[in-house]
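Protein sequence lines, in the order shown, are assigned to chains A and B. Converting from the first sequence to our numbering requires adding 2 to each position, the first position being numbered 1. Converting from the second sequence to our numbering requires adding 2 to each position, the first position being numbered 1.
Hints listed in this document are in silico derivations from the structure and should not be mistaken for laboratory results. One or more of the hints may lead you astray.
If several chains are the same, the list does not tell them apart, and a pair holds so long as it fits within one copy or across any two.
Taking lysine to any residue and the SDA-like style, the derived pairs with C-alpha atoms no more than 20 Å apart in a straight line are [as the list claims (entries may be wrong)]: (1) Lys63 x Phe40; (2) Lys47 x Asn14; (3) Lys13 x Cys105; (4) Lys78 x Val5; (5) Lys10 x Ile62; (6) Lys63 x Gly102; (7) Lys15 x Glu29; (8) Lys63 x Gln28; (9) Lys78 x Thr6; (10) Lys63 x His9; (11) Lys78 x Phe40.
Spelled out, the chains give:
2 protein chains.
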Amino acid sequence: MYVTNTHKIQKNKTPSGVSIWWLLTQENGTPHFELRYFELEEGQKTSGNPHPFEHEVYVIKGRGQIAGDNEVVEIKPGDAVLIFPDERHQFVNTGDEVLGFICIIPNGTENHIK
Amino acid sequence: MYVTNTHKIQKNKTPSGVSIWWLLTQENGTPHFELRYFELEEGQKTSGNPHPFEHEVYVIKGRGQIAGDNEVVEIKPGDAVLIFPDERHQFVNTGDEVLGFICIIPNGTENHIK
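Same shape as in the complex, but just chain A (with noise of 0.2 Å):
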């Protein structure tokens, strides 16, 4: 078993600027699938990207929105979303707090924010 926490790990910054612990990775002995949180001050937004793998996103915090390729959908705690493959999807903090997440993603797919 391997315990790890955003306390215990070094934070990161993706290009967009937006900070980033990679929880449980290939390097920890992930056999499929790598978990990160990622945290985005009020205001903030991710590149928006598609990417041809999917993401799965669970909120732990705050308020937010993804805008996908035809539509925009509201985030907050609780919410699970799949995005599937070479979807579009911004995050934007549109809370006055920071908006925190879970994403997973199949391993060695974002080794360059890593």
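Starting from the structure of chain A, add chain B where the hints point.
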């Protein structure tokens, strides 16, 4: 994009009597892995039986322990846990409120408790 929440879907029970909500599943189109939310009442335990596939866990609320093959780890909100394939993992709620956590598994590996 598919968005859901424990308030929108049916709650089920595992053979141990633990509450489970299947948030993102193959039926929703997950390409590789499925995301569930579990709740254990005060003092409640899971069976601990090992499986030939991994679990990736993120703790949402409460306090607990996971008993592994040769160790017992304490868990609290914000902790991420990688349970390796074939590793024993008995979750126990050791706190005085509900223990809630997210658990991600490869597609189709726990269809028997859907």
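Which numbered conditions among the earlier hints are violated in the structure presented, ordered from lowest to highest? Of the numbered hints, just 8 does not hold.
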